[in-house]
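Asker: Just so you know, the sequences run in chain order A and B. Going by numbering that gives the first Met the number 0, the letters in the first sequence line up with residues 0 to 399, in that order. Going by numbering that gives the first Met the number 0, the letters in the second sequence line up with residues 0 to 399, in that order.
It is possible that some hints are incorrect.
If chains are identical, the list can't say which one is meant, so a pair holds when it fits in one copy or spans any two.
Derived EDC-like pairs: lysine to aspartate or glutamate, alpha-carbon spacing no greater than 20 Å straight-line [stated by the list, open to error]: (1) K23 - D383; (2) K126 - E142; (3) K86 - E55; (4) K116 - E142; (5) K382 - E308; (6) K23 - E55; (7) K167 - E226; (8) K192 - D181; (9) K192 - D269; (10) K327 - E142; (11) K353 - D197; (12) K190 - D333; (13) K192 - D385; (14) K284 - D380.
These are calculated hints, taken from the structure and not from any lab test. Just so we're clear, the structure is a prediction, and the values are computed from it rather than from any experiment.
There are 2 protein chains.
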Amino acid sequence: MGLIVQKFGGTSVSNAQRIMNVVKIVTDTYKKGNDVVVVVSAQGDTTDDLIAKANEINPNAHKRELDQLLSAGEQISVSLLAMGIEKLGFPVISLLGWQAGFNTNSIYTKARIKNIKTDRLQNEIEKHNIVVVAGFQGINKYEDITTLGRGGSDTSAVAIAAALNADKCQIYTDVEGVYTADPRKVKNAIKLKEITYDEMLEMATLGAQVLNNRSVEMAKKYGVELEVLSSLNPKPGTIVKEVIKLEKMLIRGVTKDTNVALISILNLQDTPGIAFKIFSKLSNKNINVDIILQSFGRDGTKDIVFTVEKENGPVAVELLEDLLDDCKVICNTDVAKVSVVGAGMESHPGTASKMFEALYETNINIQMISTSEINISVIIDSKDADRAVYAVHEKFIPNE
Amino acid sequence: MGLIVQKFGGTSVSNAQRIMNVVKIVTDTYKKGNDVVVVVSAQGDTTDDLIAKANEINPNAHKRELDQLLSAGEQISVSLLAMGIEKLGFPVISLLGWQAGFNTNSIYTKARIKNIKTDRLQNEIEKHNIVVVAGFQGINKYEDITTLGRGGSDTSAVAIAAALNADKCQIYTDVEGVYTADPRKVKNAIKLKEITYDEMLEMATLGAQVLNNRSVEMAKKYGVELEVLSSLNPKPGTIVKEVIKLEKMLIRGVTKDTNVALISILNLQDTPGIAFKIFSKLSNKNINVDIILQSFGRDGTKDIVFTVEKENGPVAVELLEDLLDDCKVICNTDVAKVSVVGAGMESHPGTASKMFEALYETNINIQMISTSEINISVIIDSKDADRAVYAVHEKFIPNE
Numbered sequence: 000m001g002l003i004v005q006k007f008g009g010t011s012v013s014n015a016q017r018i019m020n021v022v023k024i025v026t027d028t029y030k031k032g033n034d035v036v037v038v039v040s041a042q043g044d045t046t047d048d049l050i051a052k053a054n055e056i057n058p059n060a061h062k063r064e065l066d067q068l069l070s071a072g073e074q075i076s077v078s079l080l081a082m083g084i085e086k087l088g089f090p091v092i093s094l095l096g097w098q099a100g101f102n103t104n105s106i107y108t109k110a111r112i113k114n115i116k117t118d119r120l121q122n123e124i125e126k127h128n129i130v131v132v133a134g135f136q137g138i139n140k141y142e143d144i145t146t147l148g149r150g151g152s153d154t155s156a157v158a159i160a161a162a163l164n165a166d167k168c169q170i171y172t173d174v175e176g177v178y179t180a181d182p183r184k185v186k187n188a189i190k191l192k193e194i195t196y197d198e199m200l201e202m203a204t205l206g207a208q209v210l211n212n213r214s215v216e217m218a219k220k221y222g223v224e225l226e227v228l229s230s231l232n233p234k235p236g237t238i239v240k241e242v243i244k245l246e247k248m249l250i251r252g253v254t255k256d257t258n259v260a261l262i263s264i265l266n267l268q269d270t271p272g273i274a275f276k277i278f279s280k281l282s283n284k285n286i287n288v289d290i291i292l293q294s295f296g297r298d299g300t301k302d303i304v305f306t307v308e309k310e311n312g313p314v315a316v317e318l319l320e321d322l323l324d325d326c327k328v329i330c331n332t333d334v335a336k337v338s339v340v341g342a343g344m345e346s347h348p349g350t351a352s353k354m355f356e357a358l359y360e361t362n363i364n365i366q367m368i369s370t371s372e373i374n375i376s377v378i379i380d381s382k383d384a385d386r387a388v389y390a391v392h393e394k395f396i397p398n399e
Numbered sequence: 000m001g002l003i004v005q006k007f008g009g010t011s012v013s014n015a016q017r018i019m020n021v022v023k024i025v026t027d028t029y030k031k032g033n034d035v036v037v038v039v040s041a042q043g044d045t046t047d048d049l050i051a052k053a054n055e056i057n058p059n060a061h062k063r064e065l066d067q068l069l070s071a072g073e074q075i076s077v078s079l080l081a082m083g084i085e086k087l088g089f090p091v092i093s094l095l096g097w098q099a100g101f102n103t104n105s106i107y108t109k110a111r112i113k114n115i116k117t118d119r120l121q122n123e124i125e126k127h128n129i130v131v132v133a134g135f136q137g138i139n140k141y142e143d144i145t146t147l148g149r150g151g152s153d154t155s156a157v158a159i160a161a162a163l164n165a166d167k168c169q170i171y172t173d174v175e176g177v178y179t180a181d182p183r184k185v186k187n188a189i190k191l192k193e194i195t196y197d198e199m200l201e202m203a204t205l206g207a208q209v210l211n212n213r214s215v216e217m218a219k220k221y222g223v224e225l226e227v228l229s230s231l232n233p234k235p236g237t238i239v240k241e242v243i244k245l246e247k248m249l250i251r252g253v254t255k256d257t258n259v260a261l262i263s264i265l266n267l268q269d270t271p272g273i274a275f276k277i278f279s280k281l282s283n284k285n286i287n288v289d290i291i292l293q294s295f296g297r298d299g300t301k302d303i304v305f306t307v308e309k310e311n312g313p314v315a316v317e318l319l320e321d322l323l324d325d326c327k328v329i330c331n332t333d334v335a336k337v338s339v340v341g342a343g344m345e346s347h348p349g350t351a352s353k354m355f356e357a358l359y360e361t362n363i364n365i366q367m368i369s370t371s372e373i374n375i376s377v378i379i380d381s382k383d384a385d386r387a388v389y390a391v392h393e394k395f396i397p398n399e
């Protein structure tokens with residue numbers, strides 16, 4: 000018994016039947032004597048449909064109006080879910096972002112939560128209501144509606160769990176937990192019982208689309224225990240927390256990210272401060288640079304190679320051609336990043352060589368390498384990505 | 000130049016093209032130097048679609064959740080309309096009911112406006128924004144969303160016009176104004192230039208579906224000048240106000256109402272207080288009685304005949320059979336009320352006989368007659384209703 004926050008995504012509430020499935024999970028938890036706060040996203044394609052309506056009228060509309068529009072999506076799903084819970088005879092109330100006290104800054108479509116004024120939430124919980132809260136949305140100091148951006152409902156759920164000091168925050172999704180690799184691609188992928196916040200962050204950053212990064216960062220900051228599990232097949236999923244039991248497994252997973260463009264600047268004159276000029280120009284345009292590699296060439300020139308998100312590739316090339324008259328700037332979008340993640344690898348110097356061995360055995364050429372304390376990433380041709388994930392996974396987590 | 004409130008119904012904003020048509024009307028008004036507040040309903044069938052979604056899950060859901068759900072409809076239409084206005088380069092902001100300061104009581108789905116806290120509205124007008132307000136919705140003292148019931152957006156518009164002391168409140172609809180009879184049925188029907196609040200109220204009550212009654216009552220109470228006009232063909236419509244110019248026309252219109260049931264109580268023992276018992280029993284069950292006729296029979300008995308809304312007919316019969324053991328109670332739902340309305344008839348005693356003459360010439364039998372200062376109504380067989388409207392209209396407003 001305790002206070003449990005449960006979050007359900009848009010797929011989990013996409014129609015009446017699925018809503019009643021969520022109702023069952025929520026009320027089963029409540030029947031066991033728990034207080035329950037449920038956070039939901041907009042139904043299925045609602046958000047995309049609303050965006051399409053907006054684009055038909057004005058693709059460049061002020062983002063304040065876009066947030067006013069989009070927040071209608073969760074408004075529909077929370078009230079429908081509340082109606083379903085009421086149907087089974089349980090006390091329930093739905094709250095929109097502003098009713099639940101979500102105060103945010105004013106960066107429309109990508110707002111950050113400043114604080115949650117929990118009076119109403121606590122009041123409803125004390126009345127033993129199941130509280131259904133609209134994820135993804137809040138209100139700014141002007142009393143205007145804001146939205147939290149992609150994956151915002153995960154963040155809403157973790158923020159409520161932190162603000163109410165909940166015992167657990169369960170993120171229900173369409174997979175049964177966090178796997179050592181994408182289970183649709185790698186049939187021997189293993190569901191992890193536990194994973195640390197840091198490992199989960201690396202996994203998310205590296206392309207495993209399970210949890211939104213901001214929500215994991217917030218969970219780590221406030222010590223909220225997360226569980227990732229399936230709404231269609233509710234059994235224990237993967238727990239995300241600070242310290243986990245030691246396991247034999249050296250790595251926690253193998254991930255793939257194809258949203259990568261590789262930019263190469265060739266024959267760059269090696270003048271002082273040139274790297275600063277290049278990367279500050281990119282960051283001024285909000286282009287995030289991931290892996291950077293610098294090699295010394297002949298005759299006082301050098302090559303700089305780095306990766307950005309695929310959509311930023313062409314803009315980056317344009318900016319750099321403006322800045323650097325006499326260099327060749329090349330953009331390659333047919334690349335992918337494949338990574339192994341695991342806190343255990345810190346104390347196992349052989350991890351990198353084991354990964355490279357797997358790629359060598361599979362005849363896959365490595366273009367770039369990047370390492371951190373808990374991950375090793377390589378940039379390879381995108382056509383080789385799935386084969387690479389499979390081979391590396393086999394090497395570390397062999398078929399049993 | 001002044002402050003103009005414009006209200007557009009769901010049909011007027013049902014798709015992108017129609018929204019841009021509304022944008023044109025609104026911005027043309029603004030370009031003339033006016034401040035403009037626009038009140039909109041939910042797009043086309045949105046409200047019905049949302050109700051269908053709710054019914055699929057829980058047809059008996061708490062009305063608080065229904066209001067939470069339904070208010071998403073106007074949320075979508077106000078933001079889309081604001082985006083359209085912005086597209087043409089005009090300053091604009093959309094406000095939901097609670098943002099626009101609509102405080103209501105807590106009767107969900109049929110809430111009444113208590114007051115409008117106009118700070119935000121006035122602030123946005125001072126900034127020269129076109130303000131797009133969600134009609135039909137407000138907020139109660141618990142910070143829960145309420146809706147105003149059928150025709151609520153008309154009421155929202157008039158309430159804003161009253162609160163801001165606007166110069167005019169224009170109600171855009173799919174007809175070009177108020178006609179002397181339904182123009183789809185009576186080809187000689189004439190569009191009225193002006194009509195008084197009282198006449199408009201009688202017209203609405205008597206079945207002309209142009210303006211919501213509560214909105215006309217409110218306009219009369221606060222002296223808000225209304226104009227009914229077409230959003231698809233914007234030219235001067237019908238002005239509704241307190242005092243209008245005298246015209247030759249004796250009557251303002253002929254209306255038909257088929258939502259009528261005629262209840263007859265026959266052979267009632269004439270004991271003191273029996274009428275009080277009958278009608279208090281009905282009013283306790285929220286059954287409104289319209290026309291009442293009492294006739295004295297033989298042997299100390301009498302007959303009481305009265306009309307109620309069609310859907311209340313069976314309930315009324317049941318209640319009366321419980322109350323009155325030894326009487327016969329009959330319900331006839333194949334009846335209609337046909338009325339002439341006009342403030343001018345007060346000083347013209349011949350109006351009633353002229354109406355009866357028209358019915359006599361058309362061989363239509365009159366079952367009941369009711370008169371007030373500005374209307375004369377008859378109850379006739381519903382099959383004769385359209386013929387009756389045509390004949391009476393011809394008599395008063397002959398084909399030219």
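Asker: Look at each hint and say if it fits the structure.
Answerer: Verification of the supplied hints:
Within a single copy, K23 and D383 get their C-alpha atoms no closer than 43 Å, and across copies no closer than 55 Å, so neither meets the 20 Å cut-off. Proximity of K126 and E142 under a CA criterion of 20 Å is satisfied inter-copy only: 17 Å between copies versus 27 Å inside one chain copy. Taking CA atoms no more than 20 Å apart as the test, K86 paired with E55 passes between copies only; the shortest distance there is 11 Å, against 38 Å inside one copy. Taking the shortest Cα distances, K116 and E142 sit within 20 Å of each other both inside one copy (14 Å) and across copies (14 Å).
With identical chains, the CA atoms of K382 and E308 are at most 20 Å apart within one copy only, with a shortest distance of 18 Å there and 72 Å across copies. Proximity of K23 to E55 under the C-alpha cut-off of 20 Å is restricted to the inter-copy arrangement: shortest distance 16 Å between copies versus 38 Å within a copy. For a Cα distance limit of 20 Å, the shortest separation of K167 from E226 inside one copy, 8 Å, qualifies, whereas the shortest one across copies, 58 Å, does not. In this homomeric assembly, K192 and D181 come within 20 Å of each other (Cα to Cα) only inside a single copy, at 16 Å, whereas the closest approach across copies is 71 Å.
In this assembly of identical chains, K192 and D269 lie within 20 Å of each other by CA distance neither inside one copy nor across copies; the values are 50 Å within and 83 Å between. Within a single copy, K327 and E142 get their C-alpha atoms no closer than 50 Å, and across copies no closer than 61 Å, so neither meets the 20 Å cut-off. For a Cα distance limit of 20 Å, the shortest separation of K353 from D197 qualifies neither inside one copy, at 22 Å, nor across copies, at 89 Å. In this assembly of identical chains, the alpha carbons of K190 and D333 never lie at most 20 Å apart, being 30 Å within a copy and 68 Å across copies at closest.
Taking the closest pair of Cα atoms, K192 and D385 never come within 20 Å of each other, the shortest separation being 24 Å inside a single copy and 74 Å across copies. Neither within a single protomer nor between protomers do K284 and D380 lie at most 20 Å apart by alpha-carbon distance, with minima of 27 Å and 76 Å respectively.
This entry does not satisfy hints 1, 9, 10, 11, 12, 13, 14, going by the numbered hints stated previously.
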